[in-house]
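The chain contents come next:
There are 2 protein chains.
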Amino acid sequence: MSGNGQHTHGNGAGANGNGYKVPTGRAEWIVKRKAEAERTGDWNMSQMHFARKGLITEEMAFVAQKEKISAELVRSEVAKGTMIIPANINHVELEPMAIGVESLCKINANIGNSALVSNVDEELRKLHTAVHFGADTVMDLSTGGDIPMIREQILRHSPVPIGTVPLYEALSRVKRVEDLNIDLYLEVIEEQAQQGVDYFTIHAGVLIQYVPLVAKRITGIVSRGGAIMAQWMTAHHKQNFLYENFDRITKVMAKYDVSYSLGDGLRPGCVADASDEAQFAELKTLGELTRQAWKSDVQVMIEGPGHVPMDKIKEQVDKEVELCDGAPFYVLGPLVTDIAPGYDHITSAIGAAMIGWHGAAMLCYVTPKEHLGLPNEKDVKDGIIAYKIAAHAADIARHRPGARDRDDAISHARYTFDWDKQFALSLDPDTARGMHDETLPDDYYKEAAFCSMCGPKFCSMNWSSKVDEFNAKEHGLKKPDLTQIVTEQMALRS
Amino acid sequence: MSGNGQHTHGNGAGANGNGYKVPTGRAEWIVKRKAEAERTGDWNMSQMHFARKGLITEEMAFVAQKEKISAELVRSEVAKGTMIIPANINHVELEPMAIGVESLCKINANIGNSALVSNVDEELRKLHTAVHFGADTVMDLSTGGDIPMIREQILRHSPVPIGTVPLYEALSRVKRVEDLNIDLYLEVIEEQAQQGVDYFTIHAGVLIQYVPLVAKRITGIVSRGGAIMAQWMTAHHKQNFLYENFDRITKVMAKYDVSYSLGDGLRPGCVADASDEAQFAELKTLGELTRQAWKSDVQVMIEGPGHVPMDKIKEQVDKEVELCDGAPFYVLGPLVTDIAPGYDHITSAIGAAMIGWHGAAMLCYVTPKEHLGLPNEKDVKDGIIAYKIAAHAADIARHRPGARDRDDAISHARYTFDWDKQFALSLDPDTARGMHDETLPDDYYKEAAFCSMCGPKFCSMNWSSKVDEFNAKEHGLKKPDLTQIVTEQMALRS
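Residue numbers (this note's numbering), protein chains in the order written: chain A, 1 to 494; chain S, 1001 to 1494.
Hints are not guaranteed to be accurate.
[Unchecked claim] Which stretches of chain A does chain S cover? Using the computed rule of at least three CB atoms under 8 Å from a CB of chain S, they are:
#: 1; stretch: 150-161
#: 2; stretch: 337-347
#: 3; stretch: 398-410
In case anyone wonders, no lab produced these hints; they're calculated from the structure. Note that this is a predicted model, so its numbers are computed, not measured. Note that beta-carbon positions come from the ideal geometry of N, C-alpha and C, so glycine has one too.
Turn these sequences into a full structure, and let the hints guide you.
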């Protein structure tokens, strides 16, 4: 099987598509670190804690190799808070990865069942598909059935960090939203942290005083966590219990090195509601909570919207950087129009590419099924491909080193009519080959200097090669030599 | 059949999905205009010619109604050259439309066979699909079989302007590229103009002195017209015969009111080649040719790339406006990465949305089959939907009046769980409904306050409505009333 294959699936060992070695001994690294904690009594296991002590952990070194940046840069970014390495000490199957503006733009895939659809086998298939096509992290948003069992299965099979929204499991354990409380919540996060969840979305920034700000919105509160907390607060006339007990939560995070993904409970749910007072009021609070978490050396990223028209996308990043001191920005989409249910992987890939270019560190995918139903395996794949495109386009536009190499290699293969290389270097080789072969299936055409679009007499690249001959003969001008880049890129896909 | 249905298909009469009346008497307007020409001896039939004489034609009035702008604004924009109305006097089936920065962003669909695939029936089905889902213009790029017959059928069935690249038919009439000449070319454009083609892509800006500039490119010349002209010039060591005989071509354009679509023969074919010397040298020449055409009151738009990384997209528009005096910019994509053959409707919709926001007037779609084969009917549909999304997102970001109404209406329907309205207001109602019904097919669920994504206990909008009740009771705050917008938008889709 060709494809992206950035990850071996399941056991976390072996070579992968990016050409680096998967760590075989994460469990050993952690044993060593625990022994050290035993000795010193310092049980803060967070990467930020080590970074701030000046230590380069195995995870940091691994990430540096993967990103082709220096380990010291990784350490200093983690220490500052502008990069996170979500790596729960109990998720030993993990290949560590980094989220931050100094590293490549990442993508997350949401999977998980609902009370109405799907089961553990289907969710594991979605996990496999997501990882195969290049998801950098996966969130398990299950809300139905045996949530802990599904999560256990996902964690034990996942080489990528797993995120959850613990509020969902908490709610599943009570009858009504009003019955939620901090003790139950702490119990849930302790259990999930122990299982190995790498980051938690926590909606601690939705404060009771912000609730009236959503009245003027068309779509009110569309974040599930945000809406749950708002309903709890309005029912009890009390402040958000996650905000009130933030330090207690932080203690659990530090012990297992779970990273905060501070949820944007008031993100806009349509373009009309984008960048409003409610959204930015919460963002300001997320900034305060970031600084609070950093006091305990706990890693933080910040979640962002949602639905935002193109002219307001840059502002989203600027505000986040300003209010949250550059903590990595993890955004859902954003969708740049609301009129295309069934195609929201596209409406949102536009916004995602743009916000990635402006500095978002991770893009949470949206599938074609968004707003309509729970995604199935095909929807997961379609969402992933759209977001690989968005993140890669962002890396190119930000001029991240080497980001354009794969483009240059595939373009060279295209120009030289090397169809097999063109397929191999593409995001989805099987689909590319299938579309080509739909009209010209014979092997003969894999070396043909045309395709069915134009046929031999009307192929521009065919003529262009004659123009190259003219340029060489008349002007002594040679084409650029891309042999090395093509060879390197092909090696990464084999 | 619901859907976009902006156009009745074929006869050019009746109501359509945008709520305006299709002209029943375009043939009569033209008879009247010809009688006037008989009287005065002025046979320049171009909309620009009338506009510059201060006349508001029926086409201008019609377009003004459609765009909800004043007829005088349309006239003055057409007179200036910043808006065109491609409307050949022999294309009587046409519903006139405008391309320019003062009107809504438009999209074009390329259809047409190749020597290897497709026939007239299939091309007519593609035309129908393209127009049904909202193509504003269609280009017939046929290069195989009986080209004039296919074009005749397309013209006679098309309510939208039809564009062609006359060089293709010219080449089909000779054995080798070297055999092309201006007399043959003039014969072809005269025949096509007489049939009613509304705009011609003409690659008159690829000059012989620019040929060496492409040597350093990875993908050389990827425009078919550009590559043909380059090969002709290098074979003959002569200047581009379209450039040399530009005024003779212009005469034909004026007589039938065919608009120039000045082709970008040197557009970049990969992100590495974007914004290079070759591209901008040609663009400067296109600017000179624009001013030359305008001397004869002939309408002009300028074609643009291609493949461009996100950080260079705004520059493309800025240069075009500067070098071509604001003639409408008609761009292909651009693709923001090269690594996703099979998904280039997405790689390019990202660039298209952005360039539309920055001021491109029309976006030429790219289908999933780009670089791989001739698009079929499904590819045409997928391309159109991606580009309706891009153009609409551009209209929203440019704050074009009323552009967001449909978004607001669908968002309101979504928030109030009016599933049927949500489907009806979407770009592709059948697909949206199908995805929803995949898991919850019963009619009962069309009024359900949840979908299979979250189920009833985890639906944010469900909880949010309770928060609305709190805001109303405790703070006296009411939700915005969208009844009128929803009613208007629903009426447009009925």
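Results of checking the hints against the structure:
1. For the stretch 150-161 of chain A, the assignment as covered by chain S is violated, since 0 residues bring a beta-carbon within under 8 Å of that chain's beta-carbons and 3 are needed.
2. With 10 residues carrying a beta carbon less than 8 Å from a beta carbon of chain S, the stretch 337-347 of chain A meets the three-residue requirement, and the given coverage holds.
3. Interface restraint, the stretch 398-410 of chain A with chain S: holds (7 residues with C-beta to C-beta distance below 8 Å; minimum three).
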